[in-house]
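Student: Assemble the whole structure, with the sequences as input and the hints as a guide.
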Amino acid sequence: MSSVTHSDPHAHHGHGVGEELPHEPERATLEGRNKILGFWLFLGGECVLFGTLFAVYLTLRNSTLGGPSGVELFDLVLVAWATFLLLTSSLTSVFAIQAMHMKNVKQIMFWLGITVLLGAGFLGLEIYEFYHYVHEGHSFSSSAFGTSFYSLVGFHGAHVAFGILWISLLIVQLWKKGLTVVTAPKIYVSALYWHFIDVVWVFIFTLVYLMGRMG
Amino acid sequence: MAGTEHTVEHASTSELTVRRKQRHEGPRNHLLTFGLSIMLTALSFVAVAYALTEDSHVEPWFVSFFIVGLAIFQAVIQLGFWMHMKDKGHGYAIVGIAFGFFVALTCLAAGLLWSWW
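These protein sequences, in sequence, are chains Y and C.
First residue of the first sequence? That's 1 in the numbering used here, and the numbers climb one at a time after it.
First residue of the second sequence? That's 1001 in the numbering used here, and the numbers climb one at a time after it.
Hints in this document: simulated from the structure, not taken from any laboratory.
Mixed in with the good hints, there may be bad ones.
As the list claims (entries may be wrong) - Stretch-level coverage of chain Y by chain C, calculated; a stretch enters the list once three of its residues show a Cβ under 8 Å from a Cβ in chain C:
hint, stretch
1, 38-49
2, 56-64
3, 71-84
4, 133-140
5, 198-208
Backbone N, C-alpha and C fix where the C-beta goes; we use that ideal spot for every residue, glycine too.
Tutor: Listed below in structure tokens is the structure:
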């Protein structure tokens, strides 16, 4: 009987929440384990993407072409709020994974929903910030500083926007199909993605905003 | 079938608690990671706010190194606890992301050397 639980994960395909679901449903199938491994390799590639954008920004950040510099532009209070929202959303996505290990679908959907809302709040602050900067004469094409700033911070914001869309769709899928060995790896991998976006933001608020404010 | 399911449930309940103790330590570590992240972030902001005050005597380059150090520390604990890199079976995950970090840091070093010299 217990062999059904552990070594024949395909028997669970299409089931909703069931007691027979394995303990770590995200790792119960080879497909699930490969998905997680492949996602880590993708995150390695993401490191390269953001690393190059950081390198370009740090190289060009003083080339303001007479326009406003980071010292004049950056508002640390706004950045602190954005940081707090994103950090908290990273914690709530951990709670979603813990709810998944408890096999509580409603709780997973609840915590993923909170994660999406906090992410949307972060994105709202960023859009407000960019809108404000453009009115101060700091735009994508105003200087090398502008181009490298919007490329780096904008790429991160685009990742947040994509994550919001992705996790929202996963909530819909959970609602329709329940927690299975097929949906579990997707939830796990989306949480990895969300944490990674938060880790990138740690370096953005440090290297772009805090160091930029000091000149 | 219903009877079978029942026995399955019984057989796995004790095992489940054992395994949960081993692998899912509950929210404690995750809340600690959150608290530590908030503190490290606050420390960075306060350090810069202090460096920006009129009568501070700290060098900006020193504050920069300090806050980059805090950022790296925060990244490591989030990778370890929130992304489960400290758990078993993450050998290839570590190789994958470490290689990414290596290439990223090489680009950073190249960019900075190019702009400084």
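Student: Hint by hint, say whether it matches the structure.
Tutor: Hints, one by one, checked against the model:
1. 38-49: holds (count 8)
2. 56-64: As far as the stretch 56-64 of chain Y goes, the hint holds, because 4 residues have Cβ atoms under 8 Å from chain C.
3. 71-84: holds (count 4)
4. 133-140: violated (count 0)
5. 198-208: Holds: 7 residues of the stretch 198-208 of chain Y have a Cβ under 8 Å from chain C.
This entry does not satisfy hint 4, going by the numbered hints stated previously; all others are met.
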